[in-house]
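> Given next are the chains, with one letter for each unit.
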Amino acid sequence: MKFVEIYETKNNGDQSIVLVCKLENGVVVCEGDELMKRNFDAKGIPDYGSEKREMVFPKDGIRFLEQLKFHFKSGYMNASDVKDDKIN
Amino acid sequence: MKNLNEELYFLKERLEKEQAEEEAQAKKISLEHEKTLTKKDEEVVLEKREKTSTKKLGGGANETVFVELKDDGSAIFKPKAGEYALLRTEVKAGTYYKRERAAYLVDQFLGFDLVPPTVIRKIDGKEGSLQEFIPNAPVASRCDESQWNKEELKKLWVFDYIIYNSDRHGSNLLIKDEKVYAIDNGLSFGKDSLGLFGGFSNEPIGDGVAEKIKMFLSWKQGRQALRNLLCELIEEKEADACLHRIEKVGKMTKGEAVNVVNREKFSFNPLD
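Same order as they appear, the protein sequences are chains B and Z.
Residue numbers for the first sequence follow my numbering, beginning at 1 and rising by one.
Residue numbers for the second sequence follow my numbering, beginning at 1001 and rising by one.
It should be emphasised that the hints constitute simulated quantities derived from the structure, not laboratory data.
Be aware that one or more of the hints could be misleading.
[To be verified] Below are the DSSO-like pairs computed for lysine-lysine, each with C-alpha atoms no more than 27 angstroms apart in a straight line:
{"hint": "1", "chain 1": "Z", "residue 1": "LYS1080", "chain 2": "B", "residue 2": "LYS83"}
{"hint": "2", "chain 1": "Z", "residue 1": "LYS1055", "chain 2": "B", "residue 2": "LYS10"}
{"hint": "3", "chain 1": "Z", "residue 1": "LYS1251", "chain 2": "B", "residue 2": "LYS10"}
{"hint": "4", "chain 1": "Z", "residue 1": "LYS1237", "chain 2": "B", "residue 2": "LYS83"}
[Stated by the list, open to error] Ranges between beta-carbon positions, derived for each pair:
{"hint": "5", "chain 1": "B", "residue 1": "ASP81", "chain 2": "Z", "residue 2": "LEU1271", "range": "27 to 35 angstroms"}
{"hint": "6", "chain 1": "Z", "residue 1": "GLU1203", "chain 2": "B", "residue 2": "LEU35", "range": "21 to 29 angstroms"}
{"hint": "7", "chain 1": "B", "residue 1": "LEU35", "chain 2": "Z", "residue 2": "ALA1020", "range": "23 to 31 angstroms"}
{"hint": "8", "chain 1": "Z", "residue 1": "LYS1027", "chain 2": "B", "residue 2": "SER50", "range": "34 to 42 angstroms"}
{"hint": "9", "chain 1": "Z", "residue 1": "GLU1247", "chain 2": "B", "residue 2": "ASN12", "range": "56 to 64 angstroms"}
{"hint": "10", "chain 1": "Z", "residue 1": "ALA1020", "chain 2": "B", "residue 2": "ARG53", "range": "47 to 55 angstroms"}
{"hint": "11", "chain 1": "Z", "residue 1": "ASN1136", "chain 2": "B", "residue 2": "ASP81", "range": "47 to 55 angstroms"}
{"hint": "12", "chain 1": "Z", "residue 1": "GLN1224", "chain 2": "B", "residue 2": "ASP14", "range": "24 to 32 angstroms"}
{"hint": "13", "chain 1": "Z", "residue 1": "ALA1085", "chain 2": "B", "residue 2": "ASP14", "range": "45 to 53 angstroms"}
{"hint": "14", "chain 1": "Z", "residue 1": "ALA1024", "chain 2": "B", "residue 2": "ARG53", "range": "46 to 54 angstroms"}
[As the list claims (entries may be wrong)] Covered by chain Z, per the in silico footprint, the following chain B stretches (three or more residues, Cβ under 8 angstroms):
{"hint": "15", "stretch": "1–7"}
{"hint": "16", "stretch": "21–34"}
{"hint": "17", "stretch": "37–47"}
{"hint": "18", "stretch": "53–59"}
Source: prediction; values computed, not measured.
The beta-carbon is built from N, C-alpha and C at its ideal position, and this holds for glycine as well.
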């Protein structure tokens, strides 16, 4: 299963996972921070690869998943590459 | 005659009071400007203070490193060598870190106080931007909208237009005690489409912001100093375009008809 982890940096520089977004049956299902989940569904994130910077949403599946690491890259919040392991 | 003398007396007194107030204000502005031209203590700490540890952070398209400074907090380091090449078409990789510093300088000269202190420094042999870490400050997308300070966000909107930031969103700004911190400013000053945060419709730019823009525009020495500093970091035409956008905002704040914050008016880029 493909998935992306979103990390938050704590005051001591350690990172904790705040959200895990998994590709299930062609759509992305996120587990973790409720506000972020709601924001994803309501506002989406830009598709940085598209010329017009269209917004992509969890329902867009892998396209959404692949954009997360370009969106979360500040150091305060970072998203992993798309991983492809089994997770519990 | 007595009444006339009294009136003259009070008029003279009022004029003297107004003049004293104007002089005090001019002195205050002059001191503020002088402070801007001098490197802040926080910048010196970031530039010089010994680092005690570094932790490479996982995730994100660009390399980011958490740096602890001896006895003085921590910072986020973004090395030039770790910049992802294809984030934007008009902002080239290898320049993001300089744009982080340029955004900080614009913020300082305008007196907006949005960007945490940011310098350029070599760490472990790599050159990059080093920005003060703001502890206990969640990103906006993790905060309830009731915690957002609308005036701060409007100021950020104006700021992002001025630096032509193509990358502002709810995870590139921090909120702490209603104050906004603008982070991740490396994809600015180019021609890529503008990314602004917040949905404002025909709302006045706050008086404080308008006043700061006005003060900067009347400060000839400051304009030249900012231009010189920006030209060391970004292309000359990008620095000039930034200064033009400040002038444009200055014009927009004059008069009711254009005294609004909306996307249409905030789209002019001299680089186009």
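> Counting residues of the stretch 21–34 of chain B that have a beta-carbon nearer than 8 angstroms to any beta-carbon of chain Z, does the count reach 3?
violated (count 1)
> Count residues of the stretch 53–59 of chain B with a Cβ under 8 angstroms from any Cβ of chain Z, then say if the count reaches three.
violated (count 1)
> How does the Cβ-Cβ distance of ALA1020(Z) and ARG53(B) compare with 47 to 55 angstroms: does it lie in that range?
holds, 54 angstroms
> LYS1055(Z) and LYS10(B): Cα distance at most 27 angstroms?
Measuring from Cα to Cα gives roughly 12 angstroms; hence the hint holds.
> Holds or violated: the 46 to 54 angstroms window for the beta-carbon distance between ALA1024(Z) and ARG53(B)?
Taking Cβ atoms as reference, ALA1024(Z) and ARG53(B) lie about 48 angstroms apart, which means the hint holds.
> LYS1080(Z) and LYS83(B) were given as a pair; does the straight-line alpha-carbon distance stay at or below 27 angstroms?
holds, 26 angstroms
> Is the hinted range of 24 to 32 angstroms satisfied by the C-beta distance from GLN1224(Z) to ASP14(B)?
With Cβ atoms ~45 angstroms apart, the hint is violated.
> Taking the CB of ASN1136(Z) and the CB of ASP81(B), does the distance hold inside 47 to 55 angstroms?
violated, 28 angstroms
> Given that the stretch 1–7 of chain B was listed as covered by chain Z, double-check it with a C-beta distance under 8 angstroms for 3 or more residues.
Since three or more residues must qualify, the claim that chain Z covers the stretch 1–7 of chain B holds, with 3 doing so at under 8 angstroms.
> For the pair LYS1027(Z) and SER50(B), does the Cβ-Cβ distance stay inside 34 to 42 angstroms?
violated, 53 angstroms
> Do the alpha carbons of LYS1251(Z) and LYS10(B) lie within 27 angstroms of each other, as the hint requires?
violated, 42 angstroms
> State, for the Cβ atoms of LEU35(B) and ALA1020(Z), whether the hinted interval 23 to 31 angstroms holds or is violated.
violated, 51 angstroms
Violated hints, in rising order: 3, 4, 7, 8, 9, 11, 12, 13, 16, 18; the structure is consistent with all others.
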